[in-house]
Amino acid sequence: DAKTTQPTSMDCAEGRAANLPCNHSTISGNEYVYWYRQIHSQGPQYIIHGLKNNETNEMASLIITEDRKSSTLILPHATLRDTAVYYCIVRGGGAGSYQLTFGKGTKLSVIP
Amino acid sequence: DTGVSQNPRHKITKRGQNVTFRCDPISEHNRLYWYRQTLGQGPEFLTYFQNEAQLEKSRLLSDRFSAERPKGSFSTLEIQRTEQGDSAMYLCASSLVSGRNTEAFFGQGTRLTVV
Chain A
1 DAKTTQPTSM DCAEGRAANL PCNHSTISGN EYVYWYRQIH SQGPQYIIHG LKNNETNEMA
61 SLIITEDRKS STLILPHATL RDTAVYYCIV RGGGAGSYQL TFGKGTKLSV IP
Chain B
113 DTGVSQNPRH KITKRGQNVT FRCDPISEHN RLYWYRQTLG QGPEFLTYFQ NEAQLEKSRL
173 LSDRFSAERP KGSFSTLEIQ RTEQGDSAMY LCASSLVSGR NTEAFFGQGT RLTVV
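Chains as they are written, first to last, in the numbering used here: chain A, 1 to 112; chain B, 113 to 227.
No lab work stands behind these hints, which were simulated from the structure alone. Yeah, the Cβ is synthetic: ideal placement off N, Cα and C, and Gly gets one too. Just to be clear, a hint being listed does not mean it is correct.
[What the hints assert, rightly or not] Here are the simulated DSSO-like cross-link-like pairs (lysine-lysine), alpha carbons at most 30 Å apart as the crow flies:
1) B:K123 - A:K107
2) A:K104 - B:K123
3) A:K3 - A:K104
4) B:K183 - B:K169
5) B:K169 - A:K104
6) B:K169 - A:K3
[Unchecked claim] Coverage of chain B stretches by chain A, computed from C-beta distances (three or more under 8 Å per stretch; other residues unrestricted):
7) 150-160
8) 192-200
In isolation and in its complexed conformation, chain A is listed as follows (with noise of 0.2 Å):
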């Protein structure tokens, strides 16, 4: 799976959008785009994933270049509650993926 790069930590106003980056240069052809949360002492939570268009569901927005190079994670109202360790994985789609590689993540603290 190709490898990604997060910046280590970022803050974002509490109402405001909170956009998180990830480098994902090495990405093939059929590798998909996952990010998950992990909040204090809890387990890992899915947000998205996508594997060239854009995507939105409840929880965010998935932006992809089209070079397919970079992501950029939105979420558009930050609430304190999204503090939390974001992770931005590479993995094939396929049934024969079955792992998740886990960097380090982005810290995102939302600032009331």
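For chain A, the structure is supplied; the task is to place chain B on it using the hints.
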């Protein structure tokens, strides 16, 4: 259904003792995964099952670690002769392999402290 359930949530054990953790996956999920997370690091993959078959176990940290999923439902992870370095959060996840829709859902983890 309330998601992936792990028990116990916390376990303190003396060095050299054996411990066993249980994971109950989301009921219709056919894949079950175990991960370990140490302080300040992201989760690290250990092993996984598809139904009752353990398809990957080379990442288990040593031969003191073993996992079972006897009937393709719940799973157990056992650590024999625990060492202080085994202190970590042990996470279980499950997923439904159906086409491309393979996102995994995690439990709250079991935090192990070896004293």
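Here is how each hint holds up against the structure:
1. Taken as a hint, the K123 of chain B and K107 of chain A pair is honoured in the structure, with Cα atoms around 27 Å apart against an allowance of 30 Å.
2. Our distance criterion of 30 Å between C-alpha atoms is met by K104 of chain A and K123 of chain B, whose separation comes to about 25 Å.
3. A distance of roughly 12 Å separates the Cα atoms of K3 of chain A and K104 of chain A; the hinted pair therefore holds under the 30 Å criterion.
4. Between K183 of chain B and K169 of chain B, the direct Cα distance comes to roughly 18 Å. Compliance with the 30 Å bound is thereby established for this hinted pair.
5. The hinted pair formed by K169 of chain B and K104 of chain A meets the criterion: a straight-line CA distance of about 23 Å does not exceed 30 Å.
6. At most 30 Å may separate the alpha-carbon atoms for a hinted pair to count; K169 of chain B and K3 of chain A meet this at roughly 22 Å.
7. Counting residues of the segment 150-160 of chain B whose C-beta sits closer than 8 Å to any C-beta of chain A gives 7, which meets the bar of three, so the coverage hint holds.
8. Coverage of the segment 192-200 of chain B by chain A is violated in this model, with 0 residues showing a Cβ closer than 8 Å to a Cβ of that chain against a need of three.
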